[in-house]
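> Taken in order, these protein sequences are the chains called E and S.
The numbers in the numbering used here rise by one with no breaks, and the one at position 76 of the first sequence is 76.
The numbers in the numbering used here rise by one with no breaks, and the one at position 42 of the second sequence is 42.
Just so you know, the hints here were simulated from the structure itself, not pulled from any lab data.
These numbers come from a predicted model, not from an experiment.
Please note that the accuracy of each hint is not assured.
Partial selection, computed: residues in chain E whose CB lies under 7 Å from chain S [stated by the list, open to error]:
(1) Phe9
(2) Thr30
(3) Ala41
(4) Tyr99
(5) Ala100
Glycine included, every Cβ here is placed at the ideal spot set by N, Cα and C.
One-letter residues, chain by chain:
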Amino acid sequence: GEDVEQSLFLSVREGDSSVINCTYTDSSSTYLYWYKQEPGAGLQLLTYIFSNMDMKQDQRLTVLLNKKDKHLSLRIADTQTGDSAIYFCAESWNSNSGYALNFGKGTSLLVTP
Amino acid sequence: KAGVTQTPRYLIKTRGQQVTLSCSPISGHRSVSWYQQTPGQGLQFLFEYFSETQRNKGNFPGRFSGRQFSNSRSEMNVSTLELGDSALYLCASSPTGGSTDTQYFGPGTRLTVL
Chain E
1 GEDVEQSLFL
11 SVREGDSSVI
21 NCTYTDSSST
31 YLYWYKQEPG
41 AGLQLLTYIF
51 SNMDMKQDQR
61 LTVLLNKKDK
71 HLSLRIADTQ
81 TGDSAIYFCA
91 ESWNSNSGYA
101 LNFGKGTSLL
111 VTP
Chain S
1 KAGVTQTPRY
11 LIKTRGQQVT
21 LSCSPISGHR
31 SVSWYQQTPG
41 QGLQFLFEYF
51 SETQRNKGNF
61 PGRFSGRQFS
71 NSRSEMNVST
81 LELGDSALYL
91 CASSPTGGST
101 DTQYFGPGTR
111 LTVL
């Protein structure tokens, strides 16, 4: 698929909010996802949003979706040092026979004390 | 439920060899997808299997192949390894692989080609 765009780095102080932005490409995507990857680990599903929603809140996580601009954001409230990781935005893309995930390159979040 | 498991976790091979990686999905999940993660290209979709059939394939050469068994476990094979095949190979499972499913990932197999 075409490129899903994310900024590469974000640094925040512990206790502040983090906002990670993503621009996706496929307006027909059913779901949009946020995954977290810690060093040496696989991908952990953080949250997802259905394409007909504008916002979804899940504890410290808030996802905002602007379908007109194909813009997705993930806000982490009260960011902790344990939130330091790479965050991937992903859209589902459909082929004739199935679907797969199209990922951005990931945003490295560094949380400093 | 146990998560997605992948074996082995680490592998070192030399150019020209072939390698087989294994993935066991979450119990009850029938769709298994494979992704390659490299620093340069990021996460790229390899292929997806459902009920022992490959349903979807990414843009990779024929050296990359896979299969799925009747218990939904999947293997992927890379023949004639190249240095550029060094990557983290991630497997993901979902109940049906449909657009309303979410995919759950394993820890990956780190392949190093020397």
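> Compare the structure with each hint and give your call.
So, going through the hints one by one against the coordinates:
For Phe9/E, the interface hint is violated, since its Cβ never comes within 7 Å of a Cβ in chain S; the closest pair sits about 14 Å apart. Given the 7 Å rule on beta carbons, the hint for Thr30/E holds: about 4 Å separates it from the nearest Cβ of chain S. Because the closest C-beta pair between Ala41/E and chain S is about 6 Å apart, less than 7 Å, the hint holds. Against a cut-off of 7 Å between C-beta atoms, the interface hint on Tyr99/E holds, since the closest Cβ of chain S lies about 5 Å away.
Given hint, Ala100/E at the interface with chain S, holds; its Cβ is 4 Å from that chain's nearest Cβ, closer than 7 Å.
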